[in-house]
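Please model the complete structure; the sequences and the hints are all you need to start from.
There are 2 protein chains.
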Amino acid sequence: MTGTLTIAGLGPGSDALVTPEVSAALASATDILGYAPYVSRVQPRPGLTLHPSDNREELARASEALRLAAEGGQVVVVSSGDPGVFAMASAVFEALEQAPQYRELPIRVLPGITAMLAASARAGAPLGHDFCAINLSDNLKPWALIEKRLRLAAEADFAIALYNPRSVRRSGNLAEAANLLLRHRPPETPCIIARNLGRAGETIEILPLASLAGSASADMLSIVLVGSSRTRLVPGEKPRVYTPRGYFDEPPL
Amino acid sequence: MTGTLTIAGLGPGSDALVTPEVSAALASATDILGYAPYVSRVQPRPGLTLHPSDNREELARASEALRLAAEGGQVVVVSSGDPGVFAMASAVFEALEQAPQYRELPIRVLPGITAMLAASARAGAPLGHDFCAINLSDNLKPWALIEKRLRLAAEADFAIALYNPRSVRRSGNLAEAANLLLRHRPPETPCIIARNLGRAGETIEILPLASLAGSASADMLSIVLVGSSRTRLVPGEKPRVYTPRGYFDEPPL
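If you read the protein sequences in the order shown, they are chains A and R.
At position 234 of the first sequence (counting the first as 1) the number is 234 in my numbering, and the numbers step up by one without a gap.
Residues are numbered in my numbering as their position in the second sequence, beginning at 1, plus a constant of 1000.
FYI, nobody ran anything at the bench for these hints, they're computed from the structure.
There's no promise every hint is true.
Cross-link-like lysine-lysine pairs, in silico, DSS-like; alpha carbons within 27 angstroms at most [to be verified]:
(1) R:K1238 with A:K148
(2) R:K1148 with A:K141
(3) A:K148 with R:K1141
From the derived model, a few chain A residues whose C-beta atoms are all more than 12 angstroms from chain R [as the list claims (entries may be wrong)]:
(4) E71
(5) G73
(6) Q74
(7) V168
(8) N179
(9) P187
(10) A210
(11) A213
(12) D219
(13) K238
Since the model is a prediction, treat every value here as computed from it, not as a measurement.
Note that beta-carbon positions come from the ideal geometry of N, C-alpha and C, so glycine has one too.
Here it is in structure tokens:
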């Protein structure tokens, strides 16, 4: 059994954000699996088989990757961003847990720049203090749990990254989340909608929390950041959003 | 005013995790500023001035970087990991807010692989579901706020990344945090202590939450991850920790 399985993060979209260890893994792969738009970011070459698949087939894709590696392939599963953040790494270990025959396969996870870090960098430093990441999709968890987490995250005064802010099935998730957060944070709290990060047509929009619910800008390829009570807007030709490192002079706990 | 200021993330320690855009910025820099151990990761060359400085001098360093860029330098401020996560990007925008004369300087933030993502990748996929990042240092915020956030993060059932788990001044922070979390999560909850990530002597230790308070492994160069109630351990020669993507069959909210 000389095959290997690598789960690699391609970063949010630009080759300038792909780490050298991920590039090396792609260059020596025999098989690359992943959601079709991510697989299409890999250049075809002789000796490499591309296995694009549909969204929502994560477990089947993970099982197929384990099987190909067990047969001796140098298999790479690609995710956008970081493979450990709402992406394929969990699916592979979930499949591995169900298939003990693959437990001794050499499996590596190679991290990538996840969307919230790329969005944060483009906008300034909104995640410069304690923060959390919440996936707004209710495909895999109940909406009541998402609401509970948003409420607690607001109470904790975390800056908040919202992954998958809008889905086809439930287009109102972001508006509901924004209205919930508005009950806990000032209406002027700076928010960021980042679309097509690192790709053609990238947009970074800074807007107050009061306008987030009504904004139509966020789509499935977006990430939304919501500031904490301390997050500040620095005006200028190119305005910036940042959360200070310090938290003294805090409001009563 | 043709100078530029770039705040760049070097990733956790290995050159294999430095993005191409960060490498390019370092290659064309005239001045590099940062905490001395991070600056020492940059190769000296003619035309490049290295400005290493001490820890806890973030604001002075940020102001100096703005000044050098305003004088025409191609200035890069380096952080370990991601510059937007408990690092220099916030300090630069804080300094910028206080110095309006620099507002139109071209300033870029280049993201990097932050420690929690590298640690997560090495251990499996413990951050595969909703999670938060909390800095355990009470240099810049009151300990009572940290306790409050830990309590709320536990209630939200986030996986939790603990940055700066141990400081010189307050060596018991991690034990206090672990004991607090133990009131909310099962003692067998998988935790990870990652030390010297991407550097010589890297260690990844998986241990139950019940053992975290008593562990002496974490130091200032470590990051600690604490699983959620759903986080699972996959046994094997190399055990893995992952948090499933899904959350149905959840306990009552």
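* **Hints violated by the structure (numbers, ascending)** => 1 and 13
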